[in-house]
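**Student:** These protein sequence lines map, in sequence, to chains P and C.
Just so you know, we're using the numbering used here here: the first sequence kicks off at 76 and counts up by one.
Just so you know, we're using the numbering used here here: the second sequence kicks off at 76 and counts up by one.
Hints are computed from structural coordinates only; laboratory data are not their basis.
Hints are not guaranteed to be accurate.
Note that the list lumps identical chains together, so a pair holds whenever it fits in one copy or between two copies.
As the list claims (entries may be wrong) - As a list, the in silico DMTMM-like pairs of lysine to aspartate or glutamate whose alpha-carbon atoms are at most 20 Å apart:
#1 141 / 118
#2 373 / 118
#3 91 / 193
#4 425 / 224
#5 300 / 331
#6 300 / 137
#7 173 / 94
#8 156 / 331
#9 91 / 327
Listed here are the chains, written in short residue letters.
There are 2 protein chains.
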Amino acid sequence: MGGSTGEGYLVSRIGKEIELSPVEMASRHSTHVNYNLASGSPDPVTIPVDEIRRSYNTVLEEMGPKALGYPGAGGQAALVKEIERFLPHLGLNKSDGKVVVTSGAQHAIELVSKYLLEGDVVASENPTFVETLSPIKLRSSAVLPVSLDGEGISIEELDTLSKMVKISLVYTIPTCHNPAGVTMCEERRKALVEMAEQRDFYVLEDDPYRPIATNVPPPVKAFDKSGRVIYVSSFSKVLAPGLRVGFVVANEVIAEKLSLLEQNDFSTSTLNQYVLADLLKREVIQDRTERLSSHYRKKMELLVDSLEENSLTDFHSPSCGFFLLLNLHLNSNYVFQRALERGLLFVPAKPFFLRGGETFARLSIAAANEKDIVQGVSTLKRLLADP
Amino acid sequence: MGGSTGEGYLVSRIGKEIELSPVEMASRHSTHVNYNLASGSPDPVTIPVDEIRRSYNTVLEEMGPKALGYPGAGGQAALVKEIERFLPHLGLNKSDGKVVVTSGAQHAIELVSKYLLEGDVVASENPTFVETLSPIKLRSSAVLPVSLDGEGISIEELDTLSKMVKISLVYTIPTCHNPAGVTMCEERRKALVEMAEQRDFYVLEDDPYRPIATNVPPPVKAFDKSGRVIYVSSFSKVLAPGLRVGFVVANEVIAEKLSLLEQNDFSTSTLNQYVLADLLKREVIQDRTERLSSHYRKKMELLVDSLEENSLTDFHSPSCGFFLLLNLHLNSNYVFQRALERGLLFVPAKPFFLRGGETFARLSIAAANEKDIVQGVSTLKRLLADP
Numbered sequence: 076m077g078g079s080t081g082e083g084y085l086v087s088r089i090g091k092e093i094e095l096s097p098v099e100m101a102s103r104h105s106t107h108v109n110y111n112l113a114s115g116s117p118d119p120v121t122i123p124v125d126e127i128r129r130s131y132n133t134v135l136e137e138m139g140p141k142a143l144g145y146p147g148a149g150g151q152a153a154l155v156k157e158i159e160r161f162l163p164h165l166g167l168n169k170s171d172g173k174v175v176v177t178s179g180a181q182h183a184i185e186l187v188s189k190y191l192l193e194g195d196v197v198a199s200e201n202p203t204f205v206e207t208l209s210p211i212k213l214r215s216s217a218v219l220p221v222s223l224d225g226e227g228i229s230i231e232e233l234d235t236l237s238k239m240v241k242i243s244l245v246y247t248i249p250t251c252h253n254p255a256g257v258t259m260c261e262e263r264r265k266a267l268v269e270m271a272e273q274r275d276f277y278v279l280e281d282d283p284y285r286p287i288a289t290n291v292p293p294p295v296k297a298f299d300k301s302g303r304v305i306y307v308s309s310f311s312k313v314l315a316p317g318l319r320v321g322f323v324v325a326n327e328v329i330a331e332k333l334s335l336l337e338q339n340d341f342s343t344s345t346l347n348q349y350v351l352a353d354l355l356k357r358e359v360i361q362d363r364t365e366r367l368s369s370h371y372r373k374k375m376e377l378l379v380d381s382l383e384e385n386s387l388t389d390f391h392s393p394s395c396g397f398f399l400l401l402n403l404h405l406n407s408n409y410v411f412q413r414a415l416e417r418g419l420l421f422v423p424a425k426p427f428f429l430r431g432g433e434t435f436a437r438l439s440i441a442a443a444n445e446k447d448i449v450q451g452v453s454t455l456k457r458l459l460a461d462p
Numbered sequence: 076m077g078g079s080t081g082e083g084y085l086v087s088r089i090g091k092e093i094e095l096s097p098v099e100m101a102s103r104h105s106t107h108v109n110y111n112l113a114s115g116s117p118d119p120v121t122i123p124v125d126e127i128r129r130s131y132n133t134v135l136e137e138m139g140p141k142a143l144g145y146p147g148a149g150g151q152a153a154l155v156k157e158i159e160r161f162l163p164h165l166g167l168n169k170s171d172g173k174v175v176v177t178s179g180a181q182h183a184i185e186l187v188s189k190y191l192l193e194g195d196v197v198a199s200e201n202p203t204f205v206e207t208l209s210p211i212k213l214r215s216s217a218v219l220p221v222s223l224d225g226e227g228i229s230i231e232e233l234d235t236l237s238k239m240v241k242i243s244l245v246y247t248i249p250t251c252h253n254p255a256g257v258t259m260c261e262e263r264r265k266a267l268v269e270m271a272e273q274r275d276f277y278v279l280e281d282d283p284y285r286p287i288a289t290n291v292p293p294p295v296k297a298f299d300k301s302g303r304v305i306y307v308s309s310f311s312k313v314l315a316p317g318l319r320v321g322f323v324v325a326n327e328v329i330a331e332k333l334s335l336l337e338q339n340d341f342s343t344s345t346l347n348q349y350v351l352a353d354l355l356k357r358e359v360i361q362d363r364t365e366r367l368s369s370h371y372r373k374k375m376e377l378l379v380d381s382l383e384e385n386s387l388t389d390f391h392s393p394s395c396g397f398f399l400l401l402n403l404h405l406n407s408n409y410v411f412q413r414a415l416e417r418g419l420l421f422v423p424a425k426p427f428f429l430r431g432g433e434t435f436a437r438l439s440i441a442a443a444n445e446k447d448i449v450q451g452v453s454t455l456k457r458l459l460a461d462p
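Please take these sequences and the hints and turn them into a complete structure.
**Tutor:** Structure representation (structure tokens):
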């Protein structure tokens with residue numbers, strides 16, 4: 076029993092196991108670099124500051140103190156209504172489930188984990204996004220890695236696994252995967268929902284990049300007839316992360332329970348919810364998908380071309396989103412340190428893997444401009460040629 | 076194993092035990108009543124909408140997209156600095172601990188519970204605030220009730236209890252208690268810290284009303300020399316609840332761990348943090364304490380006088396804050412239903428009690444105007460005279 080510093084004192088399993096995220100770690104370096112290929116934040120040039128400001132003024136002017144009270148559990152009715160109206164834009168319908176507003180997708184996943192998991196066995200793509208996996212991992216007994224290829228999660232492997240072990244939840248980022256950039260094909264989406272039925276597990280579909288993607292298959296949730304898919308999305312990529320508003324679409328029982336759990340943190344700003352409702356009402360967000368999809372696609376094409384020109388070819392070509400997962404064929408932590416010295420920042424991807432991954436790097440085009448991408452890649456190439 | 080609705084499906088203990096808060100339940104009636112003596116939200120007339128709006132405009136104008144990125148774990152540096160500067164206003168100093176920004180006090184308590192508790196034994200005032208207790212309760216094996224009188228928690232009872240049982244944490248609302256309205260005297264604050272040392276437990280000090288109170292003793296945290304007190308506060312009462320920004324002051328180890336845990340929800344709006352930093356920098360918040368303290372004190376005096384005029388005298392006179400706990404000497408759920416029919420809303424206080432409390436009502440002067448208070452009390456009196 077410690078005391079003065081708290082060290083050695085009895086803390087929870089979560090308290091003991093929580094670790095600094097590699098993304099957070101990388102971001103601590105971000106002010107000192109020339110080429111930032113690490114950021115998961117949307118490109119600052121895409122953030123509609125004036126529209127957002129206009130909505131703050133409108134909401135505060137029209138609603139006054141009413142916009143500044145405590146948030147109701149589950150979300151302000153005005154925003155829930157606007158999100159319901161927005162669902163078809165995501166390939167979903169109001170009849171697919173009940174909307175629960177959260178403080179971003181990360182908070183949604185934390186709530187779902189808290190509701191569902193207590194020492195359960197979970198399966199997830201390998202690799203997967205380490206930050207969203209963290210709350211899931213901290214409340215489960217094991218997270219089983221399932222291989223990922225250019226068409227998404229391996230249904231065959233998941234089938235074998237789920238025959239051997241009772242899985243409670245499959246966590247997936249089917250569209251514009253983080254960190255792998257790939258998108259699950261429609262056939263696998265259908266197969267995943269069928270398997271969830273047969274083997275009695277839930278699917279947690281994390282879908283934050285859809286609002287900035289075009290030509291992607293419908294959500295897994297769209298094929299779900301029995302409420303087994305819990306759909307999570309966010310306005311962080313299509314609008315701005317700083318408002319911290321996301322949402323869940325889930326069956327009624329789960330939606331009601333997640334709302335109750337929100338009483339325990341009451342974390343979603345009331346004002347920001349009304350601002351988002353105003354932006355959705357004015358169709359500001361809906362209008363952005365096409366433009367942002369093309370903005371990021373161009374940058375991703377440039378990254379892919381630059382890599383190929385430099386004979387760095389061991390990756391799946393990303394279909395959308397911010398990320399590309401490159402096999403460096405060298406320990407990525409070592410390369411990371413060397414890259415930092417030359418002003419290049421990426422995220423060493425080992426922590427995204429449940430198994431393997433030592434030589435992988437997550438490269439991001441999110442906040443990088445054309446120069447960063449081209450010069451970042453050639454810096455990386457020089458490093459790898461002379462490690 | 077259920078399926079289609081999720082009912083009967085395996086969920087976590089937290090998923091099973093979470094319940095609708097009585098405050099949330101009461102608030103669902105709030106649009107249909109004449110006299111709202113239930114609200115815990117600050118008086119809408121006190122919310123400085125124009126100052127808040129001014130800060131949103133300033134921050135968005137000066138910072139642009141930088142104000143709208145992902146929040147860093149632990150809080151934006153600019154806000155942490157301003158809160159450190161604000162601490163003396165709360166009777167604390169920068170040297171008392173490290174500041175961690177949270178999405179309000181409720182979120183802070185959720186984080187502290189997650190970090191510290193896993194089937195531990197906790198002690199708390201009886202009654203206590205049911206919503207903040209909820210995350211604590213859901214992660215502990217037992218919450219032991221300790222009596223409360225006009226001078227705060229019974230140190231004698233806590234002493235006896237903590238000799239018999241290994242207590243890990245004492246949760247307390249020492250200043251302007253919710254729901255009892257009382258304030259712990261300085262002597263007991265010192266005794267509590269001493270006991271924490273001797274018996275090796277932490278104290279979680281929940282102090283959201285201090286910024287609207289004058290003439291109250293220093294925080295328990297101010298007497299803490301060894302980092303055993305985790306101090307939680309909020310800007311919800313002194314400014315507005317809708318921004319969802321609060322903070323923790325804790326020893327370095329705990330502060331660092333709470334920051335890491337924030338990676339699992341990333342829920343505190345970046346923009347709102349900068350807005351709050353701007354409001355603190357402009358001394359808007361500091362300037363309000365005296366005025367708000369007097370505003371609420373007058374309303375509380377009116378409530379006390381009205382009750383006494385109606386011979387309703389079974390309560391401790393609140394020293395500050397929003398709440399008064401009245402013994403109705405009748406089942407308060409029954410009276411609640413009857414009161415609703417007559418347009419009066421209060422919170423039946425049984426759920427605030429770990430033991431007893433069936434006949435208590437929590438009366439609030441927060442959002443009520445003078446008429447509501449006077450007529451609400453006379454409605455209550457008529458009801459009790461003819462139940």
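**Student:** Against this structure, judge whether each hint is valid.
**Tutor:** Hints versus structure:
no.: 1; hint: 141 / 118; result: between (33 Å within a copy, 11 Å between copies)
no.: 2; hint: 373 / 118; result: within (13 Å within a copy, 51 Å between copies)
no.: 3; hint: 91 / 193; result: both (16 Å within a copy, 11 Å between copies)
no.: 4; hint: 425 / 224; result: within (17 Å within a copy, 56 Å between copies)
no.: 5; hint: 300 / 331; result: within (19 Å within a copy, 44 Å between copies)
no.: 6; hint: 300 / 137; result: neither (41 Å within a copy, 48 Å between copies)
no.: 7; hint: 173 / 94; result: between (33 Å within a copy, 19 Å between copies)
no.: 8; hint: 156 / 331; result: within (16 Å within a copy, 39 Å between copies)
no.: 9; hint: 91 / 327; result: between (34 Å within a copy, 15 Å between copies)
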